[in-house]
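Asks: Top line first, the protein sequences correspond to chains C and Z. Take the first sequence: its position 425, counting from 1, is numbered 425 in this note's numbering, and each next residue is one higher. To convert, take the position in the second sequence, counting from 1, and add 1000; that gives this note's numbering.
Just so you know, these hints were derived from the structure itself, not from any lab. Cβ atoms here follow ideal geometry from the backbone N, Cα and C, with glycine treated the same way.
Listed next, the in silico BS3-like pairs over lysine-lysine satisfying Cα-Cα at most 30 Å (straight line):
| hint | chain 1 | residue 1 | chain 2 | residue 2 |
| --- | --- | --- | --- | --- |
| 1 | Z | K1142 | C | K279 |
| 2 | C | K279 | C | K359 |
| 3 | C | K279 | Z | K1140 |
Calculated from the model, a selection of chain C residues having no Cβ within reach of chain Z, i.e. all distances over 10 Å:
| hint | residue |
| --- | --- |
| 4 | S18 |
| 5 | W98 |
| 6 | L170 |
| 7 | L171 |
| 8 | Q227 |
| 9 | L290 |
| 10 | V300 |
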Amino acid sequence: MVPGMLMMGAKDRLLPPSVPFRFFASAVVLHVAGWGAVLLGADTLPGFQGGLGPALAGLHLITLGVLGMTAMGAAFQMLPVATRRQLGPLWACRLTWWLYTPGVVVLSLGMGAEHVGAMHAGGWLTVAGLSLFGVLVGRNLLQVSDLPGVTRHAWIALASLLGLAVLGLLLVSDVGVGFLDRRGAVAAAHAVLAGYGFMGNLALGFSYVLVPMFVLSQGVPDAVGRQSATLSAVALVLAVAGLVLGQGMVAVAGGVVGLVAIGLHLRALLAVLESRMRKRLEPFFRLVRLAWILLPVSVVLGMAVAVGGAPELSAPLWGWLLVFGWLLTFVTGILQRIMPFLASMHSGGASGRPVLMSKLVAERPLAVHAVCHGAALALGVVGLMAGSVPVIRAAAALGLVGALAFALSAFLVLSRLIAQERAAQPSKA
Amino acid sequence: MNDRTTGATAKGLTDKDSTAERQPGPPEWLALALDIEPLDVRPALATGEDPLGLIMEAADGIEFGGALVIDAPFNPSPLRRILAARGFSSYGRNLGPGHWRVFFVLNGGQDWERDADVEVGPEGAMTWREDDGLHIDVRKLKPPQPMLAVLRLLDAVAATETVVVHHERVPQFLFPELAERGWRVERMAEEFANVRLWLMREG
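Could you build all of it, start to finish, from the sequences and the hints given here?
Replies: What follows is the structure, encoded as structure tokens:
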């Protein structure tokens, strides 16, 4: 008997692999597109504080395309298993992808080409996809009371999603009209809600289940999850209110509270690592560790932005470390671990045995990605600080090479899975 | 019930005279009682108080099909017989020196008294031995504790051992880890809140 067969009889069986993997495949492709757009718009990045063009398109291809897609695929697949509650009808999960994917592509193209109509169409499609995702996850969370660390962060993420969607649509509608008096502040609040509120809280909440599972360790105590979620909520309210109302010190207070929440979160996860059963940390953890370092660094830079300290320098650096540093590093680390894990879990239908995860992982392209990604981050920081377009261009080129290597590794997971399944078929007979 | 492999548990539930020797494994109704907060009578007994009144008061509030859990410093056989006369079945677990946990369910006393000597692992999973292998009950543990408890046990047992996992649901996330360790799911039985998996080493 095999897992594939077992699942067929299980009342709480997983969603078909086509659901999470369509999101993951989109994330992998848009990862390449995102770095490509950053490369195209590299000349606008020094002193970048917003404005249409390829750089903004690249930013949204990474945030919505890579981070959002991964969050959706992972949530659809793993949330019902972690919470032991159904997520929602299969058609709704599929519809989310059909709304969201063209939405992100059209929105990004509109931003890159400065086409207002495309931005409106893409923006509304994106928000529709995100809203459906929010409803599905919210329905699941309403039934859960025994995972406070995960669910409270997830609720904060959903609340942030609502806020960032409203602000995002306001920003899109403002293009060419100019009704927002303080567009920069609204954009910063939108970024805070997206980076720390939505993606950040999903990352923090899921980490309480995923990290102990991947390193085989005790879970994080519920009390810590409750505390980090409460502090995160307070931090977000202060930061967003401070930015929108033009009260920099209020936003800084939010940053300080956010740093305390991050400190609690990281201390709990370090304790998880110390008590782990799996002594050798897998390569994906290099990226997770780097992301953990860059998260508080990005918050400190965000506080500098809030008080208006050298905005032409602090604003682009903050955006760089928030999106490419903390979030993209974390998400590509997790994505490279869960793709072969889920592929293995769904395999075995024909052979009678699941395909080993270790046979699916393509370590060399992932090592290339890790090196290129790390180098791109470092060069980007140098380039932004020096205001050097060639250095930023080199950083984007390295990021693009890394993204291509990452895409190769994802392709190899799939091709190896197919090859292993085919090779195992004769043994069944 | 959807037991594809053995009818032992079902048989046990219909046999009123069954004893621990004739009924391997926990009763099916145990899953209903695992969520109940235990009434710990050890502190009262330590100070010389008789907790019987407290227990009977708690038992009086139980409706048919409901459950009561008592933590005691010894196997409270007299109490179990008193409650059996009131229609309670009981299942006792020796959790360690000076700590018994007895689960009662008001079901007419179909299955009135069963026991198991168990060991409790660091994650809170209970293990005990039966004829068909080493059993581990990971129900009611929060993720990822069930996976951790099972893998910790698999890493410690002999290559020829059969491990029987009692889980609330099919543990999908466990399968890739089992395969990496060279273990396979030999068979499975699904009942309400008790999915059992017989694990054996490959080859």
